[in-house]
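Number of protein chains: 4
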Amino acid sequence: MLIVMQPNVTEDKVQKVVDFIKEKGFEAHISRGSDHTVIGAVGRKVIDKRDIELLDGVREVIRISSPYKLVSRVFKETDTIIDVKGVKFGGGNIGIIAGPCTVESYDQMDITAAELSKYGVRALRGGAFKPRTSPYSFQGLGEEGLKILREVADKYNMIVTSEVMEVSQIPLFIKYVDILQVGARNMQNFNLLKSLGEIRKPILLKRGLSATIEEWLMSAEYIMSGGNREIILCERGIRTFEKATRNTLDLSAIPVVQKLSHLPIIVDPSHATGLRYAVDPMSKAAIAAGADGLIIEVHHSPETAVCDGAQSLYLQQFDELFTEIKGLASVIKKKV
Amino acid sequence: MLIVMQPNVTEDKVQKVVDFIKEKGFEAHISRGSDHTVIGAVGRKVIDKRDIELLDGVREVIRISSPYKLVSRVFKETDTIIDVKGVKFGGGNIGIIAGPCTVESYDQMDITAAELSKYGVRALRGGAFKPRTSPYSFQGLGEEGLKILREVADKYNMIVTSEVMEVSQIPLFIKYVDILQVGARNMQNFNLLKSLGEIRKPILLKRGLSATIEEWLMSAEYIMSGGNREIILCERGIRTFEKATRNTLDLSAIPVVQKLSHLPIIVDPSHATGLRYAVDPMSKAAIAAGADGLIIEVHHSPETAVCDGAQSLYLQQFDELFTEIKGLASVIKKKV
Amino acid sequence: MLIVMQPNVTEDKVQKVVDFIKEKGFEAHISRGSDHTVIGAVGRKVIDKRDIELLDGVREVIRISSPYKLVSRVFKETDTIIDVKGVKFGGGNIGIIAGPCTVESYDQMDITAAELSKYGVRALRGGAFKPRTSPYSFQGLGEEGLKILREVADKYNMIVTSEVMEVSQIPLFIKYVDILQVGARNMQNFNLLKSLGEIRKPILLKRGLSATIEEWLMSAEYIMSGGNREIILCERGIRTFEKATRNTLDLSAIPVVQKLSHLPIIVDPSHATGLRYAVDPMSKAAIAAGADGLIIEVHHSPETAVCDGAQSLYLQQFDELFTEIKGLASVIKKKV
Amino acid sequence: MLIVMQPNVTEDKVQKVVDFIKEKGFEAHISRGSDHTVIGAVGRKVIDKRDIELLDGVREVIRISSPYKLVSRVFKETDTIIDVKGVKFGGGNIGIIAGPCTVESYDQMDITAAELSKYGVRALRGGAFKPRTSPYSFQGLGEEGLKILREVADKYNMIVTSEVMEVSQIPLFIKYVDILQVGARNMQNFNLLKSLGEIRKPILLKRGLSATIEEWLMSAEYIMSGGNREIILCERGIRTFEKATRNTLDLSAIPVVQKLSHLPIIVDPSHATGLRYAVDPMSKAAIAAGADGLIIEVHHSPETAVCDGAQSLYLQQFDELFTEIKGLASVIKKKV
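Residue numbers (our numbering), protein chains in the order written: chain H, 2 to 337; chain X, 2 to 337; chain U, 2 to 337; chain Y, 2 to 337.
If we strip away everything but chain H, and leave its shape as in the complex, we get:
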């Protein structure tokens, strides 16, 4: 932390700032320029920098170390590869997850999984507990949905991911699911994050609708500081003024996250755009931008889907997209 004092500040005020930060557990290093006196504060304590900014004679306080540590590339230089029963994310590996918005029935999941596994997809998605904006909307099949997911996945040798909404649901998810998904609205549900830090299954952490990349990485830090090191980040669109798409997919987050962190980052083009016709181009764009994977909504009959049919690809559409994705990946030297 650098504390920049106002020009021509008195010695007395500098001393008071030094005393203040020492009391808070920091070391202080004063350096005097012709224009500004700058105090360097060194230490590992967490402090609200505004507290120092309010001291007399202080012009500005500048944080120079990032607030997250374990998720940072400074902490671990090489790409983390999350390997879930052979499905890999990160380090040159592109993991593809597909499936319906919500688990509706055994038959639905069976048809979908059969087809997807034929294309070569090995990771299945499907919601069992649904976060719905309206209390009057369908809220998911609950445990029954998780059971179906597991059964079907086992039948086709696939892995499954599904969204966990609450601390009390965690044991259920450990039993049935391979990757626990944290939804955008729960990205800063700190109690949930803490509890997920204590388990030993991979977490798919979606970015919040209005979360900065720094806050997103802080949420990953919550999980990792609990000891769970298997985190896959998922960009799913941020909220902006543009209403033509449901959200604005922030693909620049891919190179930025890859620079700041060692964790893999995948993209959800379905929730980001909310438009079926935009899922194909945005999937390809994500791959070309260097994403470590995709999570795509696919339905065997979107017209009758219980939710998000409008943004779900037909199985046939997905198949064609998948072929193109493999072509693009080979151009940028990655494995799907």
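Mixed in with the good hints, there may be bad ones.
One copy or two, it doesn't matter: identical chains are merged, so the pair holds either way.
Unchecked claim - Below are the PhoX-like pairs computed for lysine-lysine, each with C-alpha atoms no more than 20 Å apart in a straight line:
hint	residue 1	residue 2
1	46	17
2	195	89
3	244	50
4	14	202
Keep in mind the hints are simulated off the structure, nothing from the lab.
As the structure is a computational prediction, the values presented were derived from the model and not from experiment.
Assemble chains X, U and Y onto chain H, guided by the hints.
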């Protein structure tokens, strides 16, 4: 719901749309203009309008009823007044809540409450479980904090509000607290909202950082549809591109909410701006705009506050502000 | 500017940075802490800080002086009062400007001005050249509109403001108008700003739809650096995700601007909200927040207004609002 | 336009609305459902829908035709291909434009153009009049810069684009430049747009920092309604809360624009991200998403560049990127 068909659409396509919506549980009314055929869909079912938009020949689908009902002014025309042991919010009553960001000790709360009650403030705030962006920050005193709040409040005949973060904490809050606060990050924690719908204590529902007013009212609907009708809405700033303030306080939300809903709306200028010097003008602005109350961070010694000292008013500052607020309220004919 | 080097950086890299900034016209002051070496760069040149950030061994570059100078409160400590023929903005004076969106006819302006001056309003607004999103919309009366404005203003001893859209229109505006308004869409039309810096009439500079406060002040700096020191800033709403109002009125900009700059800041609640029913509460909020004035759309017959009738107050409504504004102003000790 | 009346509205109120819209030049078609009476207003006049919404008994007014016509895909179904001396944008053709932020000298442009044309690039960019946020920054070489651009382009058989900032500069640009660029800050400089509608040279229209796609297309409509049909749209990032990148590149705009309009859309990854390391992945993402071209900042010596060196690619970097782009284009069956 109005379904606008494309110009010169065939009879066949119109019929298919009619069949589709009937199957979904709606009645259909067709009207043919010279330019556009419009199908009115009447019913109470929840449907994703994009599902209809994808049908052949459909140009656009327009929702004409709001998705919330119980919180709407159409449902209840008169202002709801929340009366918590004599502290009133709404219907011309301005309720003032003040206190520190977090409960630090009995002495701190005692000093604060003594002073505030002397000024005439009758509602106390203080965090016991703190949602912190960093896992390395102070996380609150927990139940001990709630106990202190209760004791001090009883001593000075005040009511208390504190933030509940998780379903499992609700019984504790019912025991100690008069108004349960839902934080911005939990505005769409639907499990929490549902559980709060089942209790019978007033809820202070903060607006999410990137929540539209409609989504915010939908979250209130979640609580109200469970049977709990005592909800106070709280505007606390939304996330925008402007970084000079922590968030952008959206005071226009006051007239908009008051037009759409019968529920009271109060304002939190402290979290919205994050700047002590902006709390005073924004508090006054909120009152002049017609807010039904304020929740303000005050600390007897902001320099040594455990959190948010930089945005906390000194007790003396609050006292002066409170006097001006009473003056403003009388101009617009409201009671503080 | 502070250049923070990476931990354990070599002497050689530090020297290269020093050489680089000296070449760019800065003095360099090196200070070594236990953790970080920091180079202070002192000078008045403008430099893109990213250029230094790309040098080897540099961790971060921090600008510590604001990019604007003449508009800053550091440059001039006391409030600037803009006095236009007795109508004052700033330094405790609240200036009220009212009138229709656009000048439609002599009669319209005559009726409006007669009424407004009766209430005590002395500044009239009205568009003559209209910036319209659609090429098919009414584009204003042009010079004819300015003439009407001038004539009517002279008749009722009022001053007038109108929006100038282009460099070539400036001579016309100098002839007819007292305050030249720069619209939100032209806030960064740098050629226009430069030309307005060369004249000697007050400028009303609206904030751009997505302009930060810093950029806004930079645009004022453009005008002021040309020698024109009479600038009134005008907050008129920023673009956010919220669609219930046309824009989000950022009233926190009032205290922030007043802290950073000596220039007066007024508020346009009509364009900000786009809703007639929100103009009244937002006008009062602006005054309570400390605004140095208001510019409000008023029409003698909003139903037949050529533009923005939906956000225009009836004359009667304005009269009532004006009375309340005077009451609020007296509470916070300001003169209307 | 559909006018939805309130439930159980009286006949009298319906009639008044009908009269109102007829007076404004529309035909009215009434249709009565069991729930809502809906009035269809048919006509080509431009009207502010809020004017109708304020009439008694009206619940909501819904616009069902887009406000732009000539730029719409409804108006022209096939892709417009802009062919500038053999460099093509649109209809399966990817046009690549490269060059420095600003023209600094003949030698600089000569080195750059020599190298770029060797790689196969045939379109050169370079600023001569620079829109700078600070009045104290370098403002460009002016006409001298345009002359250099022209000379160098002719030497290497290239075309050139440069930004025009003002109506009065247009003749100069017609003389020297092949494509006239309208910068983001001028996207709603309506006087400039109108004047550009009257010339017969292609226009590169950048999206404004906070412009919706609809507003952007409206600005293109301004130009096209003047008779100039050669417009290339350019996505260059929108302003959001995320500060890790200069702007947020909205690649979803590509499929959305291509659905709504027949005009080609290209992407500027340099200004969008402001980060050299993000230009490469975002360029590839744009191509994979279906962009009709790219405009990329390249400098022969970014360290000494007068502006935007930090986001400029080295010539060598560009060469490698260009090779990958050709690979990606062939996967999605497009010509570079």
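Query raised in the report: 20 Å Cα cut-off: does residue 244 pair with residue 50 within a copy, between copies, both or neither?
Result: Between copies only: 15 Å across, 36 Å inside.
Query raised in the report: Under a CA distance limit of 20 Å, which applies to residue 195 and residue 89: within one copy, between copies, both, or neither?
Result: neither (25 Å within a copy, 37 Å between copies)
Query raised in the report: Between residue 46 and residue 17, at a C-alpha cutoff of 20 Å, which is it: within one copy, between copies, both, or neither?
Result: Result: close within a single copy only, 19 Å intra versus 33 Å inter.
Query raised in the report: Is it within a copy, between copies, both, or neither that the alpha carbon of residue 14 lies no farther than 20 Å from that of residue 202?
Result: neither (52 Å within a copy, 44 Å between copies)
Comparing the model with each numbered hint stated earlier shows that hints 2 and 4 do not hold.
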